[in-house]
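Colleague: The residues making up each chain are set out below.
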Amino acid sequence: MPKKNLPRRDLIDPEVSDLLKEMEQRQIESQLPRRDREKKARERQKIAARRERRATYDLPPEIRLKISDLSDRLSIPASQLVTLALIRFLDVYENGKLDLGPYKLPSRSPRYDWNLVFSEPQANIRKKDKK
Amino acid sequence: MKIFSFANQKGGVGKTTTAVTLAHGLAMAGRRVLLVDMDSQGHVAISLGLQKSPGLFGLICEKRELPSLVVAARDNLDVLPGDKRTQSVQREFSRSSAGGAIFLEAITRSGYEAVLLDMAPSLDSLHACGLLSSNWVIIPTRMDSLSVDGLQEVIRNLGEFSRRGHPLEGYCILPTFFDRTTRETYVQFRDLTQTFGGHMWPPIPQDTRVREAPAYGSTLWEYAPNCLAMRGLTEGRKRIGGYRQILDKFMEVLDA
Chain U
1 MPKKNLPRRD
11 LIDPEVSDLL
21 KEMEQRQIES
31 QLPRRDREKK
41 ARERQKIAAR
51 RERRATYDLP
61 PEIRLKISDL
71 SDRLSIPASQ
81 LVTLALIRFL
91 DVYENGKLDL
101 GPYKLPSRSP
111 RYDWNLVFSE
121 PQANIRKKDK
131 K
Chain G
132 MKIFSFANQK
142 GGVGKTTTAV
152 TLAHGLAMAG
162 RRVLLVDMDS
172 QGHVAISLGL
182 QKSPGLFGLI
192 CEKRELPSLV
202 VAARDNLDVL
212 PGDKRTQSVQ
222 REFSRSSAGG
232 AIFLEAITRS
242 GYEAVLLDMA
252 PSLDSLHACG
262 LLSSNWVIIP
272 TRMDSLSVDG
282 LQEVIRNLGE
292 FSRRGHPLEG
302 YCILPTFFDR
312 TTRETYVQFR
322 DLTQTFGGHM
332 WPPIPQDTRV
342 REAPAYGSTL
352 WEYAPNCLAM
362 RGLTEGRKRI
372 GGYRQILDKF
382 MEVLDA
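So the protein sequences, as listed, match chains U and G.
When we follow this note's numbering, the leftmost residue of the first sequence carries the number 1, and every step to the right adds one.
When we follow this note's numbering, the leftmost residue of the second sequence carries the number 132, and every step to the right adds one.
Looking at chain U on its own, in the form it has when it is part of the complex (with noise of 0.2 Å):
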């Protein structure tokens, strides 16, 4: 019995495949009726403005639900909650009323100087200072 849970090799360009497959995607579509064809045009012009608007960062969990929470207490999009959020942030960072000192430690990343610990940043001074 051939061993079935052996990865199969995917002797395709992978970005000639995804282009394959979003051109047969098209093919169909536009086999579709015109009011179909109409909504599936709409759709992917929604999806393609939003992607400008889109980004991800990770945030701890209970920060996720925070906001989440609230949005469903004020009936407010998440979104436009962490929006508000950030516009007051860089504000204040701005305006140099936030000093990002406390909470800065030095990081082991290649790519980043710096991590931001948020709990109890005098903690991490204190640790700091005894260095």
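By construction, these hints were calculated from the structure, which means they are not laboratory data.
Some hints could be false.
Distance condition first, Cα-Cα at most 30 Å in a straight line; then the derived BS3-like pairs of lysine-lysine [as the list claims (entries may be wrong)]: (1) Lys-141/G x Lys-21/U; (2) Lys-133/G x Lys-380/G; (3) Lys-369/G x Lys-380/G; (4) Lys-133/G x Lys-183/G; (5) Lys-40/U x Lys-66/U; (6) Lys-40/U x Lys-369/G; (7) Lys-21/U x Lys-369/G; (8) Lys-183/G x Lys-194/G; (9) Lys-66/U x Lys-46/U; (10) Lys-21/U x Lys-46/U; (11) Lys-39/U x Lys-369/G; (12) Lys-66/U x Lys-97/U; (13) Lys-46/U x Lys-380/G; (14) Lys-183/G x Lys-215/G; (15) Lys-215/G x Lys-141/G; (16) Lys-215/G x Lys-133/G; (17) Lys-183/G x Lys-141/G; (18) Lys-21/U x Lys-133/G.
The structure displayed is predicted, hence computed values, not measured ones.
Keeping the supplied structure of chain U fixed, place chain G upon it in accordance with the hints.
Modeller: Positioned in the frame of chain U, the structure of chain G alone reads:
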């Protein structure tokens, strides 16, 4: 050193544009590149803002040395140009096999990291010599049945050479003038991908800038470095194909 030929029996599929763009891209990446015009139209020189001249004719028919014939086109990029006298080279190749040996020895001794041969749209003895000299063959093709027929002729030739023991390292098919909105493009692209699998490379999108660049004697890196043909198609947040991506793949082949 690796020798690459750009071949398709059909004309107007983007052989010269692809050869010039990749040659200049490699040169800009610091590689020493020789681009040889094997076509009597001499369009490599025009694409780079140079005069046509009988470079290949001088090498084969007048037995002159390669360094005296090459023209410095850009930093790291030399060109062995061609003109209508390249047809005499073709006759010389038909008469005797010595021409092929002179050609291969000259470019092998030249010390370039990559030699790119821009082939004529034909299946004559000069074309055969180019293919036999190559380590790798890049077959640009439009997504239409005549161009695909031209590519099949080249692949038949490669199969024949392979049966006679010529050690070709690989080949790829490069879709050019790619317009993904037409059904014909889709059908040809699907059929070629089903037939040739991993030999298919991502496409170069249809772009007017490609036609304009030679009129200014400039390569696409100089004339329109961020045009569609350079950046590729947009697929979500990704870019697919375009000469920038193809240059990366080309360099992987060169360094393999």
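Colleague: It remains to establish, for every hint, whether it holds in the given structure.
Modeller: Structure-based check of all given hints:
1. Lys-141/G x Lys-21/U: Holds - the C-alpha atoms of Lys-21/U and Lys-141/G are around 28 Å apart, at most 30 Å.
2. Lys-133/G x Lys-380/G: At roughly 14 Å apart (the allowed maximum being 30 Å), Lys-380/G and Lys-133/G satisfy the hint.
3. Lys-369/G x Lys-380/G: 16 Å, holds
4. Lys-133/G x Lys-183/G: Since the Cα atoms of Lys-133/G and Lys-183/G sit roughly 25 Å apart, the hinted pair holds (cutoff 30 Å).
5. Lys-40/U x Lys-66/U: This hinted pair is violated, its Cα atoms lying about 35 Å apart.
6. Lys-40/U x Lys-369/G: Within the cut-off at roughly 21 Å; holds.
7. Lys-21/U x Lys-369/G: Judged against 30 Å, a Cα distance of about 14 Å means the pair holds.
8. Lys-183/G x Lys-194/G: 19 Å, holds
9. Lys-66/U x Lys-46/U: With a Cα-Cα distance of about 28 Å, the restraint between Lys-66/U and Lys-46/U holds, given a limit of 30 Å.
10. Lys-21/U x Lys-46/U: 20 Å, holds
11. Lys-39/U x Lys-369/G: 24 Å, holds
12. Lys-66/U x Lys-97/U: 25 Å, holds
13. Lys-46/U x Lys-380/G: Cα-Cα ~33 Å, so violated.
14. Lys-183/G x Lys-215/G: 9 Å, holds
15. Lys-215/G x Lys-141/G: 19 Å, holds
16. Lys-215/G x Lys-133/G: 27 Å, holds
17. Lys-183/G x Lys-141/G: 22 Å, holds
18. Lys-21/U x Lys-133/G: 34 Å, violated
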